[in-house]
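Hey, can you work out the whole structure from these sequences and the hints?
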Amino acid sequence: MSLLRQQGSTATAPPSAVPAKGLRTPMAGRRPGGLSARTRHKGMGLLLVSPFLLLFLAFLVAPLAYAFWLSLRTSTLVGGDHFSWFANYKQTFTDPQFLSGVRRVAVFGVVQIPLMLGLALVGALIIDEVTSRLAKVFRMTLFMPYAVPAVIGALMWGFLYSPTFGPVNSISGSLGLGKVDLLGHGLMLTSLGNIVTWQWTGYNMIVLYAALQGLPREVYEAAKLDGAGQLQTALRIKVPMISSALVLTLMFTLIGTLQFFTEPRVLEPTASQVITPDYTPNLYAYNLAFQYSEFNYSAAISFSLGAVVFIGSYFFLFATRKRSGLK
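In the UniProt record's numbering, the protein residues as written are 1 to 327.
Keep in mind that the hints were calculated from the coordinates and are not lab data. Predicted model, so just to flag it, every value in this text is computed and none were measured. Each hint should be verified, as a subset may be incorrect.
[Unchecked claim] Here are the in silico distance ranges between beta carbons for each label pair:
no.: 1; residue 1: S170; residue 2: A222; range: 49 to 57 Å
no.: 2; residue 1: M241; residue 2: L46; range: 55 to 63 Å
no.: 3; residue 1: G43; residue 2: A319; range: 26 to 34 Å
no.: 4; residue 1: V137; residue 2: Q91; range: 51 to 59 Å
no.: 5; residue 1: G214; residue 2: T190; range: 29 to 37 Å
no.: 6; residue 1: F295; residue 2: P269; range: 21 to 29 Å
Backbone N, C-alpha and C define an ideal beta-carbon position, used for all residues, glycine too.
See below:
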């Protein structure tokens, strides 16, 4: 009898342990009177990201918004400062100086981009095939120019190109070839292309080499068993399999070419007769703002160039969406 009473007392829970009807038990991970663990984690994440967001808003979004506001206004001595909507943009796409700069940059890119990416691809295929210490030396040697700041590189090449005291003309004169005006009208684009190719070939080579390192080696062994040589393996297997990396480097190179500014700006004092204030679209916008104080029109040119870059990049990615891995 006492055993039955003991079992019955243990089977029934005390009233204090049974939750009242309509009340909910506290959720797991929630402190009494506090926030849940998920909410605390979100708050901590926002707190950690807030310095970047503040800097992003202060130094990118706010200047862009102010520049766009300037581009919608016109300031003249007679009419003063007034809101002109998109009149500056209409003037931009009918400005012969802006259009000539775009054409010059397009001609520059048509020649320089395939040459630079071709050299980068050849270099990446070579160092991917060679596994000796020579490959490491070759890789570091080609990548070193990218570590040199663009301004310093342009100054160095400006010294080499100088028609008065540059070593290039001294060497050509000693060889009986005569002086070559590398900063003249006929060779200026070639000289600028040489600077850009020297500086960025190593960077693109490292990107392509990293893509080659990610390919499965079993494919190479299967091609070797089928009788494919090194050249056939490179052209028919390696290059098609890194097409997405090629598209990526080509897109970044196109964007950088349309924004061509540093090299002609550094060489402008040395070759002022050739590199005019409207030599490239970016250089034209810079000179309008800081030499002629036409801030409104300069802002419109900058946003117009940004629109050209965005639209061109979008159509390029759309045309190469299969090779770039995009759907």
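Check the following: the C-beta atoms of S170 and A222 are separated by a distance inside 49 to 57 Å.
For S170 and A222 the Cβ distance comes to about 55 Å; the hint holds.
Evaluate the given range 51 to 59 Å for the C-beta pair formed by V137 and Q91.
holds (53 Å)
Within 29 to 37 Å or not, the Cβ separation of G214 and T190?
Holds, at about 36 Å.
Is it true that the C-beta distance of M241 to L46 lies inside 55 to 63 Å, as the hint says?
violated (41 Å)
Go ahead and decide if the range 21 to 29 Å is satisfied by the Cβ distance of F295 to P269.
holds (23 Å)
Indicate whether the distance between the beta carbons of G43 and A319 respects the range 26 to 34 Å.
violated (44 Å)
In summary, the structure is inconsistent with hints 2, 3 from the numbered list given earlier, while agreeing with the others.
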